[in-house]
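Undergrad: Sequence:
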Amino acid sequence: MDTFHKNRLFIASCLALITTAMTFAIRARLETVFGPEGVGLTLEQIGYAFTPAFFGFTLAMIFGGPLVDLLGIKKITWMAFVTHAIGIVWTIMADSMTSLFLATLFIGIGNGLVEAALNPLVASMYPEQKTKMLNRFHVWFPGGIVIGSLIGWLTMDVLGLSWQVMVTTLFIPLVIYGVLFFGQKIPVTERVKLGISNKEMIKSVTKPLFIFMVLCMFLTAASELGTTQRIESLLKTSVSSPLLVLAFINGIMALGRLFAGQVVHKLKPAGMLLYSAIFTLAGLWLLTITSGNMTFVAAAVFAVGVTFFWPTMLGFVAEYLPQTGALGLSIMGGAGMFSVSLVLPVMGKLMDNANAVEALRTMSILPAILIVAFIGLNIYMKKTSKA
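Here the numbering used here is used: the first residue of the sequence shown is 1, the next is one more, and so on.
Mixed in with the good hints, there may be bad ones.
As the list claims (entries may be wrong) - Restricting the straight-line Cα-Cα distance to at most 27 Å, the calculated cross-link-like pairs of lysine-lysine (DSS-like) are:
no., residue 1, residue 2
1, K382, K132
2, K207, K268
3, K382, K266
4, K132, K268
5, K203, K383
6, K6, K74
7, K74, K199
8, K199, K75
9, K236, K349
10, K268, K203
11, K74, K193
12, K185, K132
13, K207, K383
14, K207, K193
15, K193, K6
16, K132, K6
17, K266, K132
18, K382, K268
19, K193, K203
20, K6, K185
21, K382, K203
22, K383, K268
23, K193, K132
24, K132, K74
25, K193, K75
26, K382, K207
27, K75, K6
28, K383, K266
29, K75, K185
30, K207, K132
31, K383, K132
32, K74, K185
Unchecked claim - DEER-style ranges, computed between Cβ atoms:
no., residue 1, residue 2, range
33, G292, L258, 22 to 32 Å
34, K199, T98, 37 to 47 Å
35, I289, P36, 25 to 35 Å
36, S241, D2, 39 to 49 Å
37, K75, K203, 19 to 29 Å
38, F259, I365, 25 to 35 Å
39, K349, G292, 26 to 36 Å
Source of the hints: derived by calculation from the structure; they are not laboratory data. Since the model is a prediction, treat every value here as computed from it, not as a measurement. The beta-carbon is built from N, C-alpha and C at its ideal position, and this holds for glycine as well.
Build out the structure end to end from the sequences listed, making use of the hints.
TA: Shown next, in the form of structure tokens:
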């Protein structure tokens, strides 16, 4: 594949991920629109209305992963485009918990199909630089959240425009990535290229190391996305504009992922994951005791922690368990998003019945468990000479 063609596909993939990420930031802003002071939903109800973004994502990845090899990356990408478009239109028309739930379901399926198709695409285009390029691709998840957060703040808090205008801005990256993918020849997945059979792929996802990584993905994703998705309610008593804290966190994450190559070289994936868990725990703890400008300091520590979680978990599997193919990457992503769908209502109930500090303290249990798990992973990788 020539460099121009490869670059076009990579840019298109990044814009698809920006669309995905912007939905997270805009949904976080919608929490106050549909909450007790707006439409009148409780925080627990909003938690349930938002869960399809995550279990829809999970279903799309679990079913989309094997279909990527069967139908090809191109068809799955266009399925993502269509479901994204439906979800955006439905969100604009949402006026109740049910309509918000259904709109969020389509958005979640679109987001999951983007990951199901484009993680294998990036791994296939850059077989010698998987972890580095997956981190570079995933720059645009936090990058897109920064964009979405700033758009939400600008349209609603500064200009005083309606929330529907904010949601409509999602069509901009959607249309651009559709145009860039249109008519392009897209390579087959790495598993197909290597000739690995379905039987071998399915056998690979039952290996103890892969199962261990899936379980860890539950905790890494919940630590990151459970916290950032509910940031409006978690920090509304600490800072005047929680959405700016969200933009700040994701700006740090984007910069970190942009320069991930050097970090991967020094620490290796297992080492990166251990340090990430330590900083995430420290950041969550600091968020429980800070307010005002110091919240940004705590948020920075948290951001350093969660920066490498998602792409490094995927990169680890792609690098050390390549036989799992697109299915392995899809199971990982799906497990991560499913865990968030479980966490959101629990956090909402804690915030309804107690306060945001209690919810943050509960969330800090997750990276504490991960520290122990990743110490074990580092020991195992060194013993097997894979670190």
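Undergrad: Now, for every hint given, state plainly whether the structure supports it.
TA: Hint by hint, here is what the structure shows:
no., hint, result
1, K382 / K132, "holds, 21 Å"
2, K207 / K268, "holds, 21 Å"
3, K382 / K266, "holds, 14 Å"
4, K132 / K268, "holds, 11 Å"
5, K203 / K383, "holds, 23 Å"
6, K6 / K74, "holds, 14 Å"
7, K74 / K199, "holds, 24 Å"
8, K199 / K75, "holds, 23 Å"
9, K236 / K349, "holds, 16 Å"
10, K268 / K203, "holds, 26 Å"
11, K74 / K193, "holds, 16 Å"
12, K185 / K132, "holds, 24 Å"
13, K207 / K383, "holds, 17 Å"
14, K207 / K193, "holds, 22 Å"
15, K193 / K6, "holds, 17 Å"
16, K132 / K6, "holds, 16 Å"
17, K266 / K132, "holds, 12 Å"
18, K382 / K268, "holds, 11 Å"
19, K193 / K203, "holds, 18 Å"
20, K6 / K185, "holds, 10 Å"
21, K382 / K203, "holds, 24 Å"
22, K383 / K268, "holds, 14 Å"
23, K193 / K132, "holds, 21 Å"
24, K132 / K74, "holds, 23 Å"
25, K193 / K75, "holds, 18 Å"
26, K382 / K207, "holds, 18 Å"
27, K75 / K6, "holds, 18 Å"
28, K383 / K266, "holds, 18 Å"
29, K75 / K185, "holds, 12 Å"
30, K207 / K132, "holds, 24 Å"
31, K383 / K132, "holds, 24 Å"
32, K74 / K185, "holds, 8 Å"
33, G292 / L258: 22 to 32 Å, "holds, 29 Å"
34, K199 / T98: 37 to 47 Å, "holds, 43 Å"
35, I289 / P36: 25 to 35 Å, "holds, 26 Å"
36, S241 / D2: 39 to 49 Å, "holds, 45 Å"
37, K75 / K203: 19 to 29 Å, "holds, 26 Å"
38, F259 / I365: 25 to 35 Å, "holds, 30 Å"
39, K349 / G292: 26 to 36 Å, "holds, 27 Å"
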